[in-house]
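Line order of the protein sequences matches chains A and B.
For the first sequence, position 58 (counting from the first letter as 1) is numbered 61 according to our numbering, and the numbering increases by one without interruption.
For the second sequence, position 77 (counting from the first letter as 1) is numbered 251 according to our numbering, and the numbering increases by one without interruption.
Derived by calculation from the structure, the hints in this document are not laboratory data.
From a predicted model like this one, the values you see are computed outputs, not experimental measurements.
Hints may be right or wrong, so weigh each one.
Covered by chain A, per the in silico footprint, the following chain B stretches (three or more residues, Cβ under 8 Å) [to be verified]:
id, region
1, 176-188
2, 218-230
3, 255-269
4, 280-293
Heads up, the beta-carbon is just placed ideally off N, CA and C, and yes, glycines get one too.
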Amino acid sequence: MARLLYFASLREKVNSEQEQLELPQDVIRVDQLKGLLARRGGSWGEAFTASSALLVSVNQQMANDQSSIQNTDEIAFFPPVTGG
Amino acid sequence: MYISVQTEDFDVAEVSRQLCARRSDIGAIVTFSGLVRDRSEAQNLLALELEHYPGMTEKALEAIAASAFDQWEIDDLAIIHRVGRLERSANIVLVVVISAHRKQAFEACEFLMDYLKTQAPFWKKEITREGESWVDAKASDQQASERWEI
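Turn these sequences into a full structure, and let the hints guide you.
Set out below in structure tokens:
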């Protein structure tokens, strides 16, 4: 099971902080996972469109759409950061 | 190196003093503190709510600090970032860099803040009398970070 986390405005939009998800065998990259989440429709579809400016981290390291993922990973999605 | 993500306030002088304790090779201390600023036209900001990604935040700050040590001749540094609800004019962030000479410390401090603003997973939400809204990332912060070409 992969652990998925959502932060800030994205967390509020999809109304979810985190979930455990069994990644299908054909989901091995971040962009494929985004497609899977977008197909949930509604606010998920809006949040995970290809054009959205979401950032992603895999196991707490910044990643991108081409990054590999597997079922033991912690994968987080969030908007551009605004600290400091 | 001292890195902390905390709800509590910090004391700039105390952090600087602790970094320099028991050493006589330090000629420069550069500090940057960021405060909660009311940037709304209506001047109606009550507070900021700072969210972060526990676990990754600390790792990201450590990586940014390591990068500063690689590039500048600095002797030590501290990064403190507050989270949770922060009232108007409260401290948000502190970066302290100490070194033998000022130029290295100035540059490293600026680099640390530029990178922190675009690489560390913190998010600000503004709370006003009228409601709440997430702060958008600024292109100027991205440009400031990219100019270091690292």
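Inset, instruction - Examine the region 280-293 of chain B: at least three residues should have C-beta closer than 8 Å to a C-beta of chain A. - result: holds (count 5)
Inset, instruction - State whether the coverage of the region 255-269 of chain B by chain A holds or is violated, taking the criterion as 3 or more residues with Cβ-Cβ distances under 8 Å. - result: Since three or more residues must qualify, the claim that chain A covers the region 255-269 of chain B holds, with 3 doing so at under 8 Å.
Legend entry - Coverage of the region 176-188 of chain B by chain A (three or more Cβ within 8 Å): violated (count 0)
Legend entry - Per-stretch coverage check for the region 218-230 of chain B, three Cβ contacts closer than 8 Å to chain A: holds (count 6)
Of the numbered hints listed earlier, the single one contradicted by the structure is hint 1.
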